[in-house]
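**Student:** Residue-level listing of the chains:
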Amino acid sequence: MLVDIVFWVLALLAVATAVLVFVVDSMARATYALALSFVAVGLIVLLLNQNYAGVITVLMMLMEMAIMAVYMVMFMGMNPALMPMSMVHSNRVAIAVAAVTFVLLGGGALLVDWPTRRGAPPADLTAALGQALMGPQMLVMIAFSPVMVATIIGGVVLASHRSRYDRFGDDLDRRPPRDPARGGVGR
Amino acid sequence: MTLQLVLLVAAALFAVGLYGAISQQVVVMVMMGLEVMINAVILAAGAMWWFLAPDPTGQVLILVVLGAMTIEMAMGFAVATLWHRAKNSDMTDAATDLAG
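Protein chains in written order, with this note's numbering: chain A, 1 to 187; chain B, 1001 to 1100.
Okay, chain A solo, but in the shape it has when bound:
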């Protein structure tokens, strides 16, 4: 009974804050609303007895939203809270697509004849997950690590202000390189 009440409160909070993300004027408020939505979902995942995944979701998303708030402030040319204006396009189409998606997914969730539970959860779920990750599921993590490295390199390459192509030209044959200030010995 208590679990049900907590679930409903968290579910309403998750959906309401997700809606708020696209309703509030202030970018910072939108980011905090999204963070709250993630925390609510993380807590529901905790209710579903997935301690590790739930805690990781909450921690990761709080950090991610803190970074996102900084980006929001950095990139927004003006402050919509001070100068309210519509920042949406094809609003009606988007609402219609979202409504149809909800009806389809929600209808599927309610109408599908879900199978009964197969197997029982292990006594210590977190330990079992750790053993799965370090054992039979290790290939997933091994495959994931080069993707993460590629993400780091790709992120730095995309976001860096000047790269070697800016200095040496598209064919890397410009000498001397185009630098904002002359440097080096004897130049």
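A portion of the hints provided could be inaccurate.
What the hints assert, rightly or not - Simulated restraints on C-beta separations: (1) A:Val93 x B:Ala1094: 16 to 24 Å; (2) B:Thr1002 x A:Ala127: 21 to 29 Å; (3) A:Met134 x B:Asn1088: 43 to 51 Å.
FYI, nobody ran anything at the bench for these hints, they're computed from the structure.
Each residue gets a CB set at the ideal place from its N, CA and C atoms; glycine is no exception.
Fit chain B to the given chain A structure using the hints.
**Tutor:** Relative to chain A, chain B alone:
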């Protein structure tokens, strides 16, 4: 709390995220829409795992989804930074370089 109810909440979250991803003009707000959709996927995967097959290996899927979200965020911000630097803009409507 049943599987159907949790999936219904996940469907609502997914629809809200889809609305944001389609309707928002600012690149970072589009990314927030995508994040809400991934949020829904995490919830649905967690519910499926607990109510249908509580085997520890199934939880690995949730970790992969979380990882995908990290990658989306990192690359999205990198592209937003590049876009802002090149065009001094953060609006999706202005990103028409690859349009027909």
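**Student:** Hint by hint, note whether the structure agrees.
**Tutor:** Verification of the hints:
For Val93 (chain A) and Ala1094 (chain B), the hinted distance range of 16 to 24 Å is satisfied, since their beta carbons lie about 20 Å from each other. Separation of Thr1002 (chain B) from Ala127 (chain A) is about 27 Å and conforms to the stated range, judged on CB atoms against 21 to 29 Å. Here the CB-CB span from Met134 (chain A) to Asn1088 (chain B) is close to 48 Å, well matched to the stated 43 to 51 Å.
Of the numbered hints listed earlier, not one is contradicted by the structure.
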